[in-house]
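Order-wise, the sequence lines are chains A and B. Numbering of the first sequence is given in this note's numbering, commencing with residue 486 and proceeding in unit increments. Numbering of the second sequence is given in this note's numbering, commencing with residue -15 and proceeding in unit increments.
By construction, these hints were calculated from the structure, which means they are not laboratory data. One or more of the hints may lead you astray.
Listed next, with one range per pair, are the computed distances between beta-carbon atoms [as the list claims (entries may be wrong)]:
# : chain 1 : residue 1 : chain 2 : residue 2 : range
1 : A       : ARG619    : B       : PHE18     : 29 to 39 Å
2 : B       : SER343    : A       : ASP688    : 21 to 31 Å
3 : A       : ARG665    : B       : TRP97     : 54 to 64 Å
4 : B       : SER225    : A       : SER763    : 50 to 60 Å
5 : B       : GLN91     : A       : GLN677    : 53 to 63 Å
6 : B       : ILE10     : A       : ARG782    : 47 to 57 Å
Here are the simulated lysine-lysine pairs, DSS-like style, with alpha carbons at most 30 Å apart [claimed, not checked]:
#  : chain 1 : residue 1 : chain 2 : residue 2
7  : B       : LYS25     : B       : LYS207
8  : A       : LYS592    : B       : LYS218
9  : A       : LYS592    : B       : LYS207
10 : B       : LYS297    : B       : LYS182
Not the full set, but computed from the structure, chain B residues with beta-carbon under 10 Å of chain A [said to hold, decoys possible]:
#  : residue
11 : ALA138
12 : LEU201
13 : LEU202
14 : TRP308
15 : PHE310
Computed from a predicted structure; not experimentally measured. Even glycine gets a Cβ: it sits at the ideal position worked out from N, Cα and C.
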Amino acid sequence: MFADYSWSELGSIFAMQGFAGLVLFSVFVLMALGLAIIFGQMGVINMAHGEFMILGAYVTYLTSNFFQAAAPALMPISFFIAMVLAFFASGALGMLVEMALIRFLYKRPLDTLLATWGLSLILQQTYRTIFGAREVGVTLPDWMMGSLPLTDLVEIPINGLIVMAITLAITMAVALVMFRSRFGAQIRAVVQNRPMAGAVGIDTEKVDRFTFGLGCGIAGVAGSAFTMIGSTGPSSGQLYIVDTFLVVVFGGATSLIGTVASAFTISQAQSTMEFFLSGSMAKVLTLLTVVAILMLRPQGLFTLKVRR
Amino acid sequence: MTSMLNPLKKTELVGFLVVAAVILLILPAITDAFRLNMVGKYLTYAFVAVGLVLCWGSAGILSLGQGIFFGLGGYCMAMFLKLESSTPEATSIQSTPGIPDFMDWNQITELPWFWEPFHSLTFTMLAVILVPAILAFVIGFAMFTRRVGGVYFAIITQAIAAILTILIIGQQGYTGGVNGITDLRSLLGWDIRTDSAKTILYFVNAVLLLAVIALSLLVRHSKLGRILVALRDKEDRVRFSGYDVAAFKIFVFCFAAAISGIGGAMFTLQVGFMSPTFVGIVPSIEMVIFCAVGGRYSLIGAVYGTLLVNWGKTTFSESFPELWLFAMGALFIAVVMAFPNGLAGIWNSHVQPLVKRLSKRTGERQAAPAETPAAIAE
Chain A
486 MFADYSWSEL GSIFAMQGFA GLVLFSVFVL MALGLAIIFG QMGVINMAHG EFMILGAYVT
546 YLTSNFFQAA APALMPISFF IAMVLAFFAS GALGMLVEMA LIRFLYKRPL DTLLATWGLS
606 LILQQTYRTI FGAREVGVTL PDWMMGSLPL TDLVEIPING LIVMAITLAI TMAVALVMFR
666 SRFGAQIRAV VQNRPMAGAV GIDTEKVDRF TFGLGCGIAG VAGSAFTMIG STGPSSGQLY
726 IVDTFLVVVF GGATSLIGTV ASAFTISQAQ STMEFFLSGS MAKVLTLLTV VAILMLRPQG
786 LFTLKVRR
Chain B
-15 MTSMLNPLKK TELVGFLVVA AVILLILPAI TDAFRLNMVG KYLTYAFVAV GLVLCWGSAG
45 ILSLGQGIFF GLGGYCMAMF LKLESSTPEA TSIQSTPGIP DFMDWNQITE LPWFWEPFHS
105 LTFTMLAVIL VPAILAFVIG FAMFTRRVGG VYFAIITQAI AAILTILIIG QQGYTGGVNG
165 ITDLRSLLGW DIRTDSAKTI LYFVNAVLLL AVIALSLLVR HSKLGRILVA LRDKEDRVRF
225 SGYDVAAFKI FVFCFAAAIS GIGGAMFTLQ VGFMSPTFVG IVPSIEMVIF CAVGGRYSLI
285 GAVYGTLLVN WGKTTFSESF PELWLFAMGA LFIAVVMAFP NGLAGIWNSH VQPLVKRLSK
345 RTGERQAAPA ETPAAIAE
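Just chain A, same shape as in the assembly (with noise of 0.2 Å):
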């Protein structure tokens, strides 16, 4: 299959893909992160997480619409201020969720699966409701659009970029809550031992709430990212819970680096194959792959050891 490409050729291809493969796996590590931090620190299992990453993704239209509309002059801050509040309405959401639903089934992780399940098929009538069921794309600010030309092959998209820079900040906030800040230490407390943590004052319930609503915040922040690099329907969040939930588990479910090297592995793994073979082969090989990896190595690739 590389006979027909002469050297240089081969080396921009793999430039290209490769840096397609990152943007993937940018949107890849902004799901995954919240899953991880609600799957892997609270064992919950969220299959609503696409429709929370949707909510956001609707929160920067309507932003940008607004924008546009309201106050011209502010459109290239816009898509951060559309950010941030997708931020805050998934993650209130999140948290609206969790003291309805999520906190009586903390005991049945199956059972949770099944009624986020039925969370998600709601919000997504809700959606196809109020915005139709027809897609809909962010008009971005003039700045975020085109290439940087590097050489006479390879171009590299600007939106991509800042996906990246967006991805590469939140990893590193999500750290720096996560194993710098005392909210940080009392979920990583709850999640190792919860009566311990319970018996020296920690408040574990108002910890799992914030836990979730900050999981599904992230993800809010990922379906506003993700507006960038496409365009938003009612049940575009379906389409990426499995690989979002097959990243946070060959990662191992517990481990946030874990997340982000298995992200990168899947994501580089299908944008260069799926050069060289049809997208939907690219996609049957590389799941089949990590699922036979799962069957060898069940625990994922970076494992933590936790007290239950």
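Could you slot chain B onto chain A? The hints should help.
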């Protein structure tokens, strides 16, 4: 909960007879041929739901990939029927006569090797059961011997359902792609599209379903069934008692897969086509809700749950299509939050005591508990 696991044998027998009467006598009597065919289609999902009751309710293994096995069974049957209707005479306008039409459209000139054995009905009938069972064995062996269970198992089975759907859609030339295998006409020369054929198929399907339920009841009341319940509640204790936990789990998963395959094959026969929309994530998880609505511990309830949800789906999507997803979502949440034991739970806790009080035969309430039938799977 425990009272549901060791029900009186008599009440279960009565329940079985009632469900037999409903699907063999009442439903055919009150529906026309079109609706009866539709009920027949719903009942093929009940095979999957019965499998899930054993797998999820009894043994605590939630598979979100039962659509895989339903689909595989259905595709095996569809391949046989497609080959029968693709005779060289019937397909003489194609550039390569004698192969299924979608292969011709995709520039394939020779029948692929894995289609060849499906010329034989005996092989097909074996494949309907064995292909799902073998795949289930591979998955189950890899997962259960490494003690993977719970949510991880659910996610991985779901991923496999996704993979299979993408594969079927992507390999259009070999599988018919997103349209599936369509235009199936006859079984060994017998036209399956007529009303009378559909009625006969309905009864074949109903009898098969009842046989599967009877078999599942036997499994549940055997020693095997009790070990399954035990390992659901205290897996380690069963393991330390010297039982090979993985082997029991693999067995029940394969059993559920095999009966789902039968359901899929009957679906193909009654509906006349098979497509990837019955394989993927969404149908697989809907099949779980059929089982949950009926009551995850009740084999009989699974049938009613399937019928009720599908009836609701058809009625809603005919008259209020936009409300259907709301109703379905609410159903998922309600059945988990408020009625974890489904219809069977409501029956056992509300209706049955009422019936008993009305009939006032309190003396008979202490009838002997279920005797264990001869252990069949030992």
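Here is what the structure says about each hint:
1. The supplied range of 29 to 39 Å is met by ARG619(A) and PHE18(B), whose beta-carbon atoms lie about 34 Å from each other.
2. Look at SER343(B) against ASP688(A): about 53 Å separates their beta carbons, and that is not inside 21 to 31 Å.
3. Between ARG665(A) and TRP97(B) the C-beta distance comes to about 59 Å, which sits within the given range of 54 to 64 Å.
4. In this structure the supplied range 50 to 60 Å holds for SER225(B) paired with SER763(A), their Cβ-Cβ distance being about 51 Å.
5. Our hint of 53 to 63 Å for GLN91(B) and GLN677(A) holds, since their Cβ atoms are close to 59 Å apart.
6. The given range of 47 to 57 Å is respected by ILE10(B) and ARG782(A), whose C-beta atoms sit roughly 53 Å from each other.
7. For the hint linking LYS25(B) to LYS207(B), the alpha-carbon distance of about 33 Å lies beyond 30 Å, and the restraint is violated.
8. The hinted pair formed by LYS592(A) and LYS218(B) meets the criterion: a straight-line CA distance of about 15 Å does not exceed 30 Å.
9. Note on LYS592(A) and LYS207(B): the hinted pairing holds, with a Cα-Cα distance of about 28 Å set against a maximum of 30 Å.
10. For a cut-off of 30 Å, the pair hint linking LYS297(B) to LYS182(B) stands: about 22 Å separates their Cα positions.
11. Proximity of ALA138(B) to chain A holds as hinted, the smallest CB-CB distance being about 6 Å (cut-off 10 Å).
12. A cut of 10 Å between beta carbons decides the hint on LEU201(B): the least distance to chain A is about 24 Å, and the hint is violated.
13. Interface hint status for LEU202(B): violated, as the beta-carbon distance to the closest one in chain A is roughly 26 Å, over 10 Å.
14. With a cut of 10 Å, the hint placing TRP308(B) at the interface with chain A holds, because the nearest CB-to-CB distance is about 8 Å.
15. Taking 10 Å as the C-beta contact cut-off toward chain A, the hint placing PHE310(B) at the interface holds, the least distance being around 5 Å.
Hints 2, 7, 12 and 13, counting from the list given before, are not met by this structure.
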